[in-house]
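S.K.: So the chains spell out like this:
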Amino acid sequence: MSRFKNILNDAIVGNWLRGRAAERVGLPAADWRPRQALSRRALLRGLGRTGAVALALPPLEAMFNTSGTAYACDGVLPVRFGLWFWGNGMLPSRWLPDATGEGDAWSLSEQLSPLAPMKHKLALVTGLACKVPNTSPHGSGSAGLLTAGPALEDAEGNRRGPSIDQVIASGIGGTSIYKSVITAGSNCTGESWTGPAARAPAETDPYALYARLFGDTFIEPGEDGIVDPRLGLRRSVLDAVVGDITTLQGRLGAGDRARLEQHLEGVREIEQRLAILEENPPNLESCERAAAPTADFGDVDGRAQVFARNRVMSQLLAMAFACDQTRVFAHYLTAPVSDVLFPGATAGHHDLTHNEGGEQPEVNDITIQCMEMLNESLQILDAIPEGDGTVLDHSAILAASEVGLAQTHSIEDMPTIIAGSACGYFKQDIHHRSFAGASATPLLISLQRSVGMAVGSFGFDDAASTTSLAEVEA
Amino acid sequence: MLLLLPLLFACKSDPAAKPGGDELLEDSAAPDGVTPRGDVPQVDAPEPVLKRLTTTQYAHAVRDLFGEEVIVSASLEPDQRVEGLFAVGAARTSISSYGVEKFESAAYSVAGQVMDNPLLRDAIVTCVDGVAADDACARDTLDALGLRAWRRPLDAAELDQLVDISALATERLGTFDAGLTFGIASLLISPHFLYRVELGDRSDTGRYDGFELASRLSFFLWDTIPDDALLDAAANGDLDTDDGLAEQVDRMLDDPRALDGVRALYADMLHLDALDDLSKDPTVFTYMRDTLGASAREETLLGIEALVFEDDGSYLDLYSGQRAFLNRELAALYDVPAPAREGFGEAWLEPDGGRRGFFGQASFLAPNAHVVSTSATKRGIFVREVVLCQEIPDPPANANTAIPEVDADARTMRERLAVHLEVEECASCHRLTDPIGLGFENFDGTGRWRLSENGATIDASGELDGVSFSDAWALGGTIAAHPETPGCMVRTAIQSATGNLVDELSVDLVDWHTLGFTNGGNRVLWMLRDVALSPAFTQVSAVEVAR
Chain Y
57 MSRFKNILND AIVGNWLRGR AAERVGLPAA DWRPRQALSR RALLRGLGRT
107 GAVALALPPL EAMFNTSGTA YACDGVLPVR FGLWFWGNGM LPSRWLPDAT
157 GEGDAWSLSE QLSPLAPMKH KLALVTGLAC KVPNTSPHGS GSAGLLTAGP
207 ALEDAEGNRR GPSIDQVIAS GIGGTSIYKS VITAGSNCTG ESWTGPAARA
257 PAETDPYALY ARLFGDTFIE PGEDGIVDPR LGLRRSVLDA VVGDITTLQG
307 RLGAGDRARL EQHLEGVREI EQRLAILEEN PPNLESCERA AAPTADFGDV
357 DGRAQVFARN RVMSQLLAMA FACDQTRVFA HYLTAPVSDV LFPGATAGHH
407 DLTHNEGGEQ PEVNDITIQC MEMLNESLQI LDAIPEGDGT VLDHSAILAA
457 SEVGLAQTHS IEDMPTIIAG SACGYFKQDI HHRSFAGASA TPLLISLQRS
507 VGMAVGSFGF DDAASTTSLA EVEA
Chain P
782 MLLLLPLLFA CKSDPAAKPG GDELLEDSAA PDGVTPRGDV PQVDAPEPVL
832 KRLTTTQYAH AVRDLFGEEV IVSASLEPDQ RVEGLFAVGA ARTSISSYGV
882 EKFESAAYSV AGQVMDNPLL RDAIVTCVDG VAADDACARD TLDALGLRAW
932 RRPLDAAELD QLVDISALAT ERLGTFDAGL TFGIASLLIS PHFLYRVELG
982 DRSDTGRYDG FELASRLSFF LWDTIPDDAL LDAAANGDLD TDDGLAEQVD
1032 RMLDDPRALD GVRALYADML HLDALDDLSK DPTVFTYMRD TLGASAREET
1082 LLGIEALVFE DDGSYLDLYS GQRAFLNREL AALYDVPAPA REGFGEAWLE
1132 PDGGRRGFFG QASFLAPNAH VVSTSATKRG IFVREVVLCQ EIPDPPANAN
1182 TAIPEVDADA RTMRERLAVH LEVEECASCH RLTDPIGLGF ENFDGTGRWR
1232 LSENGATIDA SGELDGVSFS DAWALGGTIA AHPETPGCMV RTAIQSATGN
1282 LVDELSVDLV DWHTLGFTNG GNRVLWMLRD VALSPAFTQV SAVEVAR
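Sequence order for the protein chains is Y and P.
Last residue of the first sequence? That's 530 in our numbering, and every number before it is there in order.
Last residue of the second sequence? That's 1328 in our numbering, and every number before it is there in order.
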């Protein structure tokens, strides 16, 4: 009889669909309200929003990692990094502005025109190349730009090292609730890697993202209560798990041992989070619980709701920065080779990049739509005031794609934009065009230094570099 | 659907349908004039690999531990493919930190659901009182549950640790049930649940120990944890002999859970997960519905279940068979009468419809196409890589991959793709893929039949490795008869069962299994049994422990 039941269940399509809808079940219901262990919010309020705050306050331990590499804006606010990625590149002739320079010396190009409201906070860099063998269409550019190394040709499609977002998360993510948050505005895995053989998939569901960032365990500044005893119990469980994993590692070969090391890293990140929640929850002035998503983000008439999903995820990520839930995000609007059917397009994006003829007006329109969404994401970050500026001002956002011209999978002239100055580290309202064939790696070094990491060199083989991109540094 | 079910299993109880019988590793009924495969070749055993539970294995394990009512969060970290298989990816990829976080929250969710439901709770907890601290009860409960969850008995220290956690939680939270929730969650967060610790390092015989074999068998054949009978067999030493192993394999293949195993194997092999995110422009493909992917997936899996369990049939029928299982949505798409008013019913596809086998199903035709058009290249790559196990290299990164737009001289995909075959740089690979894919051009990007494209008649004829075909109907037969088709199935099953790559195993051994498979008429059940009894599955070499 059970055989019948089983097959019946599987056969009913409705059930299958229900299974797809993410079942969001949290921890057992809590009777305890979380306690605010360290209240600095009132202090901050009382002192106003000037740089003088730093003088009046003792340093917040939670805002420095143990190696002291992360520095804080005005000594108070954390500096953050975001990767904002879109797939399938741009059309170089419509991307490149006519002029270089700062301020009024340069104007936005056709494809960049949606960024007009944010031009004063952008550093546009053109002409950078990935110095890696272009052996894998889309893969080489993704690995080249994000890891400064080649895409490996093994069965797993691994990398030589972690992607820039995870490099920076390792540098500055150690004291926030989440070391990094990886999201996607379409159904894709993203291109984040925490290690050479460790892919870190993106969250694609806005509801799951909300539950993670602002669900049961979120503590809003000013909330009072007692510490939930389950936090400590979960740590006890994880202590045992660490012991089990470590013992098991002693029976394994090198490959499996390294895989479990990644698992262990995940366990340690939960432990870190529980400890912060118990002992010293973040308490930033501009933090408030984000609004929960309410819409249905499924496809409408075969078209992904890219704008709506990008908007809600950007709002959650921006508030996650403001609440110090995380200091690093990677957001993949779309992935390399994405075939998303954009509004108004007659075919999937990737399909069009190869098969649309002439000057590719549809591809052009899609790139412009991507920049409209980038503009929206940046405006959301810029709308949260913080200290003497905004959350965007205290961040560096790298907007980039895995190719220049997608039709030929060019990695010679990559689209790269830095938005936000990272507390004054980067110049703003500037278009810098590098000499032809200049490596993109110095840009990645600049980004690491902008958040306070003391990095001397970065990258592999021909993509290795020891210099930063001084031309865009203030 | 209901009418179909008795049919599906009518033959299951027929002993004649059982694979192999007593001839453990002999050929199945080899026809006269066929070379018997002889003795199993002596090969070096592969090193063990540590496999993480796949998302379906996790869900099945929770179902079998606690009950079907328990809902597992659908947002566990997605499985990753390596060599085309999630089953291999599970042995070779790392989990991300976010994935670990999801495992932790899923464990508390599951444990909470169980303890909040008196029926589920009482099925696993040995004492009635849910309030007063009771270490003995916690110990008994976790001991029994741990054996099933970890697929082996817990040692004293492991059990003490779990009981201590439950006791601590009971003390802090005030009730026994709340405390035990943490003990149960601990079991589920442990690497001994989340990973299949089958290392062969606790026996010195070069063979996996009984509990490891029980775990290997159950995940391969059932896609879930062992049942009590299998654990008993392990404890009794029954699995230490090939005879004892064969007895369990026969029992397991005769059990309803074998459906889950076969479903998992073919959903993985045929990339049916691609149907989850099917994206089609409904203004171009007017039969596109949000439910199409789910319907197509079920069509494929019902057909495979019938082929394997009802017919004990040949794997090749998957590509050339005319028996189909359709619901109204698929019948409308395929333009045939709906065989059932509700759910799925059985249909017989006639040659004049042009459609048969897996390559006539939306499960193949829709994902291997673009959002608004077909893709002869994608369909050709699928046939080469998935069904024939051949490798098609990436195109050169700097290639201009544009195909000409539709115009008066190039109205069909065949005419437009001709450019691929003119440029030598492209032709070396596209000659391998496009002629196959063009054989399916009578099916649009969702799988609906068509005779013309942009006003021009579609020519679906071609040649596959020296054998000419006239259309998709013939091509299904040509692929089924391709000499590499059975060997690829065997290779896929071995990689799926072991997590080892064929490169790490002996080619001779794979060939030996393939010869037995083809000699016996390519019966899937026979092959699954053969793989489960293979030295590649039961034997292991010592791992070089890293320090």
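Everything labelled a hint here was simulated from the structure, so no lab data went into it.
Since this is a predicted model, take the numbers as computed values, not measurements.
The beta-carbon is built from N, C-alpha and C at its ideal position, and this holds for glycine as well.
Some hints could be false.
[What the hints assert, rightly or not] Partial chain P-side listing against chain Y, Cβ under 8 Å, derived:
hint, residue
1, S878
2, G880
3, R902
4, H973
5, H1151
6, E1172
7, D1175
8, R1231
9, V1324
[Unchecked claim] Some chain Y residues flagged as far from chain P (calculated, every beta-carbon gap over 12 Å):
hint, residue
10, N190
11, E259
12, A264
13, G278
14, A360
15, R367
16, E412
S.K.: Could you run down the list of hints and mark each one as holding or not?
M.R.: Structure-based check of all given hints:
| no. | hint | verdict |
| --- | --- | --- |
| 1 | S878 | holds (4 Å) |
| 2 | G880 | holds (7 Å) |
| 3 | R902 | violated (13 Å) |
| 4 | H973 | holds (6 Å) |
| 5 | H1151 | holds (5 Å) |
| 6 | E1172 | violated (11 Å) |
| 7 | D1175 | holds (6 Å) |
| 8 | R1231 | violated (18 Å) |
| 9 | V1324 | holds (5 Å) |
| 10 | N190 | violated (4 Å) |
| 11 | E259 | violated (7 Å) |
| 12 | A264 | violated (5 Å) |
| 13 | G278 | holds (26 Å) |
| 14 | A360 | violated (7 Å) |
| 15 | R367 | holds (20 Å) |
| 16 | E412 | violated (8 Å) |
Checked against the numbered hints listed earlier, the structure breaks hints 3, 6, 8, 10, 11, 12, 14 and 16; every other hint is satisfied.
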